[in-house]
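All chains, full assembly: derive it from the sequences and hints.
2 protein chains.
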Amino acid sequence: MKKRLFTPGPTPVPEEVLLELALPVGYHRSPEAKEILGEVVRGLQYVFQTQQPVYVLTSSGTGAMEAAVTNLVAPGEKVILCTAGRWGERWRNILKAYGAEIVAVEVPYGEAVTPEQLAQALAQHRDAVAVYTTLCETSTGVGHDIAAFGQLVRDTPALLVVDGISGLAAMECRMDAWGIDVLVSGSQKALMMPPGLAYLAVSAKGWQKIEATPVRNFYFDLRRYRKALADGPDTPFTPANTLIRAQKRALERLRVEGIEQVWRRHERLAQATRAAVQALGLELFARRPSTALTVIRVPPGLDGSAVLKRLEKEYGYKWADGQDTLKGKIWRLSHMGYVDPFDVLGAIAALELVLAAAGMPVAVGHGVATFQREYAAMTTAPAL
Amino acid sequence: MKKRLFTPGPTPVPEEVLLELALPVGYHRSPEAKEILGEVVRGLQYVFQTQQPVYVLTSSGTGAMEAAVTNLVAPGEKVILCTAGRWGERWRNILKAYGAEIVAVEVPYGEAVTPEQLAQALAQHRDAVAVYTTLCETSTGVGHDIAAFGQLVRDTPALLVVDGISGLAAMECRMDAWGIDVLVSGSQKALMMPPGLAYLAVSAKGWQKIEATPVRNFYFDLRRYRKALADGPDTPFTPANTLIRAQKRALERLRVEGIEQVWRRHERLAQATRAAVQALGLELFARRPSTALTVIRVPPGLDGSAVLKRLEKEYGYKWADGQDTLKGKIWRLSHMGYVDPFDVLGAIAALELVLAAAGMPVAVGHGVATFQREYAAMTTAPAL
Numbered sequence: 006m007k008k009r010l011f012t013p014g015p016t017p018v019p020e021e022v023l024l025e026l027a028l029p030v031g032y033h034r035s036p037e038a039k040e041i042l043g044e045v046v047r048g049l050q051y052v053f054q055t056q057q058p059v060y061v062l063t064s065s066g067t068g069a070m071e072a073a074v075t076n077l078v079a080p081g082e083k084v085i086l087c088t089a090g091r092w093g094e095r096w097r098n099i100l101k102a103y104g105a106e107i108v109a110v111e112v113p114y115g116e117a118v119t120p121e122q123l124a125q126a127l128a129q130h131r132d133a134v135a136v137y138t139t140l141c142e143t144s145t146g147v148g149h150d151i152a153a154f155g156q157l158v159r160d161t162p163a164l165l166v167v168d169g170i171s172g173l174a175a176m177e178c179r180m181d182a183w184g185i186d187v188l189v190s191g192s193q194k195a196l197m198m199p200p201g202l203a204y205l206a207v208s209a210k211g212w213q214k215i216e217a218t219p220v221r222n223f224y225f226d227l228r229r230y231r232k233a234l235a236d237g238p239d240t241p242f243t244p245a246n247t248l249i250r251a252q253k254r255a256l257e258r259l260r261v262e263g264i265e266q267v268w269r270r271h272e273r274l275a276q277a278t279r280a281a282v283q284a285l286g287l288e289l290f291a292r293r294p295s296t297a298l299t300v301i302r303v304p305p306g307l308d309g310s311a312v313l314k315r316l317e318k319e320y321g322y323k324w325a326d327g328q329d330t331l332k333g334k335i336w337r338l339s340h341m342g343y344v345d346p347f348d349v350l351g352a353i354a355a356l357e358l359v360l361a362a363a364g365m366p367v368a369v370g371h372g373v374a375t376f377q378r379e380y381a382a383m384t385t386a387p388a389l
Numbered sequence: 006m007k008k009r010l011f012t013p014g015p016t017p018v019p020e021e022v023l024l025e026l027a028l029p030v031g032y033h034r035s036p037e038a039k040e041i042l043g044e045v046v047r048g049l050q051y052v053f054q055t056q057q058p059v060y061v062l063t064s065s066g067t068g069a070m071e072a073a074v075t076n077l078v079a080p081g082e083k084v085i086l087c088t089a090g091r092w093g094e095r096w097r098n099i100l101k102a103y104g105a106e107i108v109a110v111e112v113p114y115g116e117a118v119t120p121e122q123l124a125q126a127l128a129q130h131r132d133a134v135a136v137y138t139t140l141c142e143t144s145t146g147v148g149h150d151i152a153a154f155g156q157l158v159r160d161t162p163a164l165l166v167v168d169g170i171s172g173l174a175a176m177e178c179r180m181d182a183w184g185i186d187v188l189v190s191g192s193q194k195a196l197m198m199p200p201g202l203a204y205l206a207v208s209a210k211g212w213q214k215i216e217a218t219p220v221r222n223f224y225f226d227l228r229r230y231r232k233a234l235a236d237g238p239d240t241p242f243t244p245a246n247t248l249i250r251a252q253k254r255a256l257e258r259l260r261v262e263g264i265e266q267v268w269r270r271h272e273r274l275a276q277a278t279r280a281a282v283q284a285l286g287l288e289l290f291a292r293r294p295s296t297a298l299t300v301i302r303v304p305p306g307l308d309g310s311a312v313l314k315r316l317e318k319e320y321g322y323k324w325a326d327g328q329d330t331l332k333g334k335i336w337r338l339s340h341m342g343y344v345d346p347f348d349v350l351g352a353i354a355a356l357e358l359v360l361a362a363a364g365m366p367v368a369v370g371h372g373v374a375t376f377q378r379e380y381a382a383m384t385t386a387p388a389l
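Just so you know, the protein sequences line up as chains V and Y, in that order.
Going by my numbering, the first sequence opens with residue 6, and the numbers climb by one from there.
Going by my numbering, the second sequence opens with residue 6, and the numbers climb by one from there.
Hints in this document: simulated from the structure, not taken from any laboratory.
Ideal Cβ placement from N, Cα and C applies to all residues, glycine included.
Any given hint could turn out to be false.
Unchecked claim - EDC-like, lysine to aspartate or glutamate: derived pairs with alpha carbons at most 20 angstroms apart:
1) V:K101 - Y:D226
2) Y:K210 - Y:D132
3) Y:K8 - Y:E20
4) Y:K7 - V:E37
5) Y:K332 - V:D239
6) Y:K8 - V:E37
7) Y:K314 - V:E40
Stated by the list, open to error - Now the in silico label distances, taken between C-beta atoms and shown as ranges:
8) V:D329 - Y:E37: 18 to 28 angstroms
9) V:E21 - Y:D150: 46 to 56 angstroms
10) V:P36 - Y:R378: 35 to 45 angstroms
In structure tokens, the structure reads:
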């Protein structure tokens, strides 16, 4: 049976990128390695939509999130945390570990923090040094209005720090234009790579705060990355250099397609998926859905986890279950990265078959037809 | 021109391991992923020669070194640092960043810290909580007598913490039998993998100290790795799962060859290389040479860096230059990992040709013949 990966990370990797990983390993301090790193940084600047250098860390995305905390916030300093799920919780746990005073703006799972809520928190906490939030909350499928958050934060002394690990290149996100001060991402989502690399860029305002904050770390000390990149381009520690070489390939794909077309493709996939899901009588879980993934509420009376197991066992489709308290209550379908409409079509077809077999009143083919029609209707729509 | 990598990390990766990296990416929380991680941990336990679990970190080796500092040493606590080069300096810089009080036992580049020096330091500093040192100091080619260090440290309250990033599986090293409390390694040396993963194991004595030390970190908090491995086997953060799958393959090779035979192979390669180098009238740089690499002192009057450039440009052989103050003064040839005698033979042949072309009084072929003879003589010698 063919296996098809629809988890919101890791995501499918283009074949030419995988083949790049099978080439012999080179020396990471050679002129060729520096040239490759330079090209990756330029490619990431394009994806981040920033003029700032983008630092390449060999770590999970969480490592770059930690860098975005330890370099920015001294113990006892106040931060505002806009959290809508598990990845907002990840910020909270890292901030706690570093002794930040956290003002939480928190919404129930499935909802998004609103700009009004953030405005109120900023007004009440003028001494906050930073606002931490999440572009795409993959645990619930919610996308935040980062453009609006940026409008609010840019005129305050606070920094806007965004976890874009799973949203970047799947949702519109413009670091410089939107006033994001620190943007974090990772290789294994819409950047079409295996896990292992994390990326991070810092605004001039962000660097001012870093320079005023005592260093409490070594591997995630961003000054070291800034110096190595400026002197090299290089990394301060031996990087996962075969992953960097492969990321260059994947970034070339994004450049050829064009970042606005990439956003538009994800938007189309998401809109058509939502229409299909609703045509099947299912309910979306996210009030303000991200275009990176679609999250479906499991209908009452159905064992959500059992449905996903059948999807995988009978048809090879790997969707993601809910995490922690949401386990068995939601289904998560990623359309991030190397995914096209026919991939998603198959995932919907498989879901229909499993639901029907489970005795749900589903008209097999109706979701698929809806997806097809919706996608076709949008294909001639103007680009973003 | 064929390119051949002889840098002391990264090292050549077996073809079957590279091909593993080109397979489609899977979900990192699946039962299959857990099974693979479990096998990798068992393989690493064999290589570490330990009964303790080995934790898999997605980072450079430096990340695991940081974990071995931040989890073990509270600010102001005293540690003894046995340093013989640049990688001992790496320990020093991390220890400094975490506020340790450092008692340095330091020797000039090319020499090894002796057990007598360590014994003296332990006698003078009975309040030291740990001894940090390096198995193989790749910056100078020196190997430390870790077995003797272990004898000295095991009866004190201090922990023995060893950077085995480049020595492990290239030199005899027995974590449990030698009394090593924390052993750190990385994927890209004798473990025959690209960079991107770091490994770390902790003794029961080490865990006692960790539990008494305040947590100051998140990504490198070893308690998280211990819990995830015990509950899973799993990792606390999204790991570089394609690298883990490939490491499984490389570990299988080590298992089939047998770790004592692997050590013996490196010893043979090192001894034959040393004999060849000396037959060419060249001098070894390391007084107590490691079997992981051979470091040669550049003869007076010769531009060492220019020789290495010619080796690479004319013959495709990539040796490593000295770093920092040793640049141009030494040549470093790795025989770590996926390297056999015919690989090293070629590297020596190329050096002879370049030296002769540079006007050195070298009998071309003499080093190669010596290598061949020495290696053959040892082939029938009993294994370790």
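So, going through the hints one by one against the coordinates:
Distance restraint check for K101 (chain V) and D226 (chain Y): the Cα-Cα separation of roughly 13 angstroms lies within the 20 angstroms cut-off, and the hinted pair is therefore satisfied. Taking the CA atoms of K210 (chain Y) and D132 (chain Y), the gap is about 16 angstroms. The hint holds against a cut of 20 angstroms. Taken as a hint, the K8 (chain Y) and E20 (chain Y) pair is honoured in the structure, with Cα atoms around 15 angstroms apart against an allowance of 20 angstroms. With a C-alpha separation of about 16 angstroms, the suggested pair K7 (chain Y) and E37 (chain V) falls inside the 20 angstroms cut-off, and the hint holds.
The hinted pair formed by K332 (chain Y) and D239 (chain V) meets the criterion: a straight-line CA distance of about 18 angstroms does not exceed 20 angstroms. Straight-line distance between C-alpha atoms of K8 (chain Y) and E37 (chain V) comes to about 13 angstroms, which keeps the hinted pair within the 20 angstroms bound. Of the pairs offered as hints, the one joining K314 (chain Y) and E40 (chain V) holds, with about 18 angstroms between alpha carbons and a cut-off of 20 angstroms not exceeded. Here the CB-CB span from D329 (chain V) to E37 (chain Y) is close to 22 angstroms, well matched to the stated 18 to 28 angstroms.
The hinted window of 46 to 56 angstroms between E21 (chain V) and D150 (chain Y) holds, with their beta carbons roughly 49 angstroms apart. A hinted range of 35 to 45 angstroms for the beta carbons of P36 (chain V) and R378 (chain Y) is consistent with their spacing of about 38 angstroms.
The structure meets every hint from the earlier list without exception.
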